[in-house]
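S.K.: Here is how the chains run, residue by residue.
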Amino acid sequence: MSAVAPVKHRIEDHGSGGPATWLRRWESLLLALLLLVILVGGATQKNFLDPYNLADSTFNFSEKALIALPIALLIIVREIDISVAGILAVSSVAMGWASQHGVNAAGLAVIGIAVGGLCGTLNAVLVTRFSIPSIVVTIGTMSLFRGLALVVLGDQAYTGYPEGLGDWGQGYFLGVVPRSFVILLACAALFAAGLHGSTWGRRLYAIGSNPMAARYSGIRVDRYRFALFVLTGLMSGLAAVLLTGRIGSTRPNIALGWELEAITMVILGGVSIAGGSGTIAGVMLAVLTLGMVTYGLGLANVPGILMTIVIGALLLVTITVPALLRAGAPAKRH
Amino acid sequence: MNSSVLKLREVQLASILAVLVAVIGLRAPLFLTGRSVDSLLTDTAILVMMALAQMLVILTRGIDLSVAANLALCGMAVALIEQKMPGVPVGVLLVAATAIGALLGAINGALIGFLRLPPIVVTLGAMSVFRGSIFVLSGGAWVSSHQMPQAFIDFPLERLAGLTHLVWLAAAALVLAWFVTRHTRFGRELYAIGNHPVSAAYVGIPIRRRLFAVYVISGAVAGLCGDLWVARYAVAFTEIANGFELNAIAACVIGGISIAGGVGSVVGAALGALFLGVIGNALPLVNISPFWQSAITGAVIVVAVVFNAREGRRAGKQILPLHEASPASPQGAA
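Protein chains in written order, with the numbering used here: chain A, 6 to 339; chain B, 15 to 348.
Next up, chain A with everything else stripped away, as it sits in the complex:
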């Protein structure tokens, strides 16, 4: 451990570019890994490269990835939200309740997203107004939100959603491309533009690099934090709309454990848990890589629970290898 570490990450205005730097980027490594997975999958599994199968495999991760996007932004500013799956459950329950009262598909979508936004606002208020660490707040609200879903539903379930909702959750564009995947790509493009192409995004990196310095340089840090928690709530609501439409029912244990899967996607995508670095491209590559691995193992009839070992091991290797390389290099040691 170095004794003095005032700045965790360098923020380059523009990297020097060139093929050498490009090859050393985390995203390039992920891209290579993704291609490798597709190659191995295509070589060993007969139906792996079937376009219809490939398109359908995106159903398994699109909703999760929609939540991973705002979590990436949160982690970049050194915050975290583990109540996302709870928010998703509450949104889905609200949609189920509204559906019982005859609200149509468009109305349900609005309700789902709005309730998500409300839950996110509660997190935002607790984190910014009371200056409580977000991990503590969201552990509490996770339990609270999931609990609300349990209180409303008990051991029951909401079913019988209008058909229009299913069209979004499990429908296709042009008969091939799942709508949820298109929504994911659109959101990813929006997030990438916001994070990498706007002042707003540069400020997020500044906050994550050093919140105190960011505040002193005139960035309204708490306002950004507040907005990000609300955004995370809204995106969880959107995921709830798609997931509810896809599976056509709401149970209290809907999306159980998704928060950790979404966080895993983000960290695998190269977003540093210490804040201040990471890209949307990296997160999306991690999402696709994990999705393809799951899909390939599914075709090979490997039980889903074994996937958790693969994902966990990937996560550990991902962070261990760079650390080992750093430790091996001649550096100032304490």
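The set of hints was computed from the structure by calculation and includes no laboratory data.
It cannot be assumed that every hint is accurate.
[Stated by the list, open to error] Covered stretches of chain B, as calculated for chain A (at least 3 residues, CB under 8 Å):
hint	region
1	127-134
2	146-160
3	226-237
4	277-287
Cβ atoms here follow ideal geometry from the backbone N, Cα and C, with glycine treated the same way.
Add chain B to chain A, keeping to what the hints say.
M.R.: Only chain B this time, still in chain A's reference frame:
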């Protein structure tokens, strides 16, 4: 003197707990009977031990999300040993579970202590790997009560001087943890590391080894609890204790252990665990559906952290007079 005792967090928490117990006792006198208190303590014993171990980790600014998966893996390992070799004595199994748990904890400890990787990421990855390994180990099968020897199942609930073994073990853990955190160099160094890691390094505290040790302890306790859990509920399968890590963390948060490290006491952690235990055990007695448990727990956590945050702010008040306004200061004269 008197008022400073009243201001102690532990005393406040204990008073709130006492009021809660009294109110529940008024609604349902059954709750205050010896048998009910006995079962409350027995039910909470494992949570108390897990919360104490988690507290040591949190003191160092860490977090251990892998404890529940570790517990389940050790529990399954012990159950399988029992199934294959029914003659193994109970004591040997307890030691074996603790040793396996310590070994698993050592993986976390090595990565976090020696490679200085972020605890939340490491233990998140370890959690997935451990949980998946249970499936590999058991082949997805359940080990149920008729496959375990009676002596093994009986151990946690056997009585010594009127109290169950579980309660005695929790009490022993409490005393040990109190002694370690208050009266040993090791314990005080954990506080120092959490308060200011850089200063701790400057005064010569071997941070790497201390962090390693803390995660080994956390793993060992989880392993021991795994044996007790499986014996107590007389069943072992892949999903046992799913999400229990968050209960342990919640107990710490309610008990006033700061997630930012360096603050918290053994009594606080134990009271936090008891608080959760009371909520869980009292709901059926006062005719509230158990579906409310999660929501109430979440609400309690949120209220507790808001309360703690206000306490913390008051403690951080300006204690020395500010001199900048005084005209007689040397700077002003120059």
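S.K.: If you check each hint against the structure, which ones fail?
M.R.: Numbers 3, 4, in rising order.
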